[in-house]
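**Student:** Protein chains in written order, with numbering that gives the first Met the number 0: chain A, 0 to 254; chain B, 0 to 431.
Worth flagging that the hints you see were computed from the coordinates, not collected in a lab.
Treat the numbers as computed from the prediction; the structure is a model and nothing was measured.
Some clues are possibly wrong.
[Said to hold, decoys possible] Computed cross-link-like contacts, DSS-like style, restricted to lysine-lysine with a CA-CA straight-line distance of at most 30 Å:
1) A:K142 to B:K428
2) A:K111 to B:K326
3) A:K154 to B:K428
4) B:K428 to A:K103
[As the list claims (entries may be wrong)] Stretch-level coverage of chain B by chain A, calculated; a stretch enters the list once three of its residues show a Cβ under 8 Å from a Cβ in chain A:
5) 318 to 325
6) 377 to 387
The C-beta atom is built at its ideal place from N, Cα and C for all residues, glycine as well.
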Amino acid sequence: MLKIQNLKVQIEKERILDHLNLNIKSGEVHVLMGPNGSGKSTLAKVLAGDSQYEILEGQVLYEVHFKEKDLLSMDISQRAQEGVFMAFQYPIEIPGLNNLEFLKTAFNSICKHQGVDVMKEEDFNNFALNKAKELGVDEEFLKRDLNAGFSGGEKKQNEILQMMILSPRLCILDESDSGLDVDSIKKIAKGINRFINKDRSVLLITHYHKLLELIRPDFVHVIIDGRIRKTGNFSLSEKIEAEGYDWISKTSQGL
Amino acid sequence: MIGFPKQVKDFKSHFYKNKAWEKSFNKKREAYLNSSQLIEDKTKDWRFFPFHKILSSEFDFNSKCIEIENLKAQLKDSIVIQIKNGDIVSYENEKFQVVSWTDFLEGKKQLPSSFTDKIFKSFNQQRNHLSCLNHIFYPRGFILIFKKAIRSAVEIHYLQDSLASKQALNLRNFIFIEKSARVLEFFHTRKSQKPLFLNIQTDCFLKEKTSLEYFAFDNMKEQDTIVHQMFSYLKKESKASFLNLSLNVGLSRWFKYVEQEEKSESKLRGLSLMSGKSHTDHKTTVKHKGLRGQSEQFFKSFLFDSARYVFQGLISIEKTADESETKQLNKNYLFSSKSSALSFPELDVCPANVKAEHGSTTSSFFERNPLLFYLKSRGIDSFLSFHLVLLSLLKETFSDCSKDMQSLIHKYLERQLALLEESLNQDKKNEK
Ligand SMILES: Nc1ncnc2c1ncn2[C@@H]1O[C@H](COP(=O)(O)OP(=O)(O)O)[C@@H](O)[C@H]1O
Ligand SMILES: [Mg+2]
Chain A
0 MLKIQNLKVQ IEKERILDHL NLNIKSGEVH VLMGPNGSGK STLAKVLAGD
50 SQYEILEGQV LYEVHFKEKD LLSMDISQRA QEGVFMAFQY PIEIPGLNNL
100 EFLKTAFNSI CKHQGVDVMK EEDFNNFALN KAKELGVDEE FLKRDLNAGF
150 SGGEKKQNEI LQMMILSPRL CILDESDSGL DVDSIKKIAK GINRFINKDR
200 SVLLITHYHK LLELIRPDFV HVIIDGRIRK TGNFSLSEKI EAEGYDWISK
250 TSQGL
Chain B
0 MIGFPKQVKD FKSHFYKNKA WEKSFNKKRE AYLNSSQLIE DKTKDWRFFP
50 FHKILSSEFD FNSKCIEIEN LKAQLKDSIV IQIKNGDIVS YENEKFQVVS
100 WTDFLEGKKQ LPSSFTDKIF KSFNQQRNHL SCLNHIFYPR GFILIFKKAI
150 RSAVEIHYLQ DSLASKQALN LRNFIFIEKS ARVLEFFHTR KSQKPLFLNI
200 QTDCFLKEKT SLEYFAFDNM KEQDTIVHQM FSYLKKESKA SFLNLSLNVG
250 LSRWFKYVEQ EEKSESKLRG LSLMSGKSHT DHKTTVKHKG LRGQSEQFFK
300 SFLFDSARYV FQGLISIEKT ADESETKQLN KNYLFSSKSS ALSFPELDVC
350 PANVKAEHGS TTSSFFERNP LLFYLKSRGI DSFLSFHLVL LSLLKETFSD
400 CSKDMQSLIH KYLERQLALL EESLNQDKKN EK
């Protein structure tokens, strides 16, 4: 579904991603771990289309209906309409914009793009309400303004709710579990587990083993200084949980 | 602050030199009116959203006012006062009274002596350079007295429909609040008419324990100038809330002066949407004179093309005004690299036990903007994202207004945005 090839990215003349390669197939769950400042969020935002980063080299291929498209040449909203979704590490607040209103607009935009009939207002409201129940969040969520006055945990749950409603194909979750209590992590894990199927892929950025125990990823990658230094399976995350990243920086010669 | 040209700094300083004020302002105005590329010269920093189209939507003089039928349905016993080219007739019902200057000066309408005293005192104070001089001999405008509480609002429409050469209109209004009231004030001019210089001073007197909600909507055009001054005197435990919605008048200066007695509350809000070469000053002076007063100022600007905005807010808390609370916030949004905003907070506090807050932010939308990025990353296209963000930022300004007022303003804004979309679609058709 996603092929990142030799990606080099910089901001303000500082190289952040360097020769990054990653291959994600349909139905797979990949995990990206790494110390703070190693470039995880940068990768997520570059994939979502954030224009503040400068792409120096490399390409990203995104497969839609057996056709590979150049993701980096697509506009931000176009990427989302084609099924790319990023859950933000720090979701922003937009007071004055109703959550449900926002979701409906987004949902309709995506439907229109994909040539699907737009839902009736009432149907959509019910649909959104059901998703909220499924995730186990308060229905009030939808009535409030977008993230306005939400706690950190609520904001992250709202990102997952958006994911469930917009049903993307490729989902990039940037530390959706950080700063959450155990119950909230369980909710998020539940959301993600329901989301995964053979046509969808997930790239999960996290620091914690806890979420991974609930999700059981197919691959675990470790990024250090903008490069993927090690790839393994679930057991790699266990080792990192116990020993940290030092051993990787020391042993790896880079890819 | 982002590239603020010298001439604007000079311009701003005229506030402090009262004597030279009128002269320099007129000079500036002349220069402004005579600049040949007034309307055509749009810097296209911000290409995909031709915002100026919202702002140049024409007011239909025949259908009287923006959705007035709607408005009437919402606000049952409202009345509409039309001030066409400055003249009004006296009007009276059991709830309020409008007195024209002619009737008042010729003694056809008598007012209680406390009102008359206030009126003459205000004229004599000479506080106001411009308006006083013009008004002493031939005042125009009205005296409005609220005698009983009304749930709805009094609408005042200033219609200027003259095609005569450049003209000035000076109005002097007095509002006496004996019982709580609402006022909606609209200024309308046509794009096709000659430039108008509108100068309005309104003095508001609030009796104890009354409240006033005051909304001013300016629907004037790029060629026009407005100087709008509002002096309000709040007696004990009264509440006043003023809101200004300003759409792209060429050159404007809004001044609000509030004097507050014990436990009174004032809220000043301003929202300016400006494009072209518009310039707006918002100046506020809030004086706390009595114990435990509360005041709040919240001013926002949205600046397109090479529009400029200056906010100056002075809060003065006198010795007698212990335990006062005041909050001031100025937010500016720049949509083009040539637009600019300046903010000058001033705080003058005597007593020790006072809560005061001030904040001022300027964010730019012509570069990468996190709000737009967020919405777009959910599949909403640029135009719609902007529409949503703009609307939400606008709504924030009114979030604590009363419900029906809020819905009125939202309707108004949505209508403006709908007009914009219509004209965009029209453009697309024309291109084909
Ligand atoms: N907008 C920015 N301006 C300057 N430096 C940035 C910016 N965003 C990220 N960086 C830098 O890029 C590096 C990677 O950041 P980030 O991708 O957020 O790391 P992570 O998510 O792995 O903690 C850090 O050194 C950070 O300081
Ligand atoms: Mg990060």
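**Student:** Next step is simple, just say for each hint if it's right about the structure.
**Tutor:** Status of the hints after comparison with the structure:
no. : hint             : result
1   : A:K142 to B:K428 : 37 Å, violated
2   : A:K111 to B:K326 : 45 Å, violated
3   : A:K154 to B:K428 : 42 Å, violated
4   : B:K428 to A:K103 : 27 Å, holds
5   : 318 to 325       : violated (count 0)
6   : 377 to 387       : holds (count 8)
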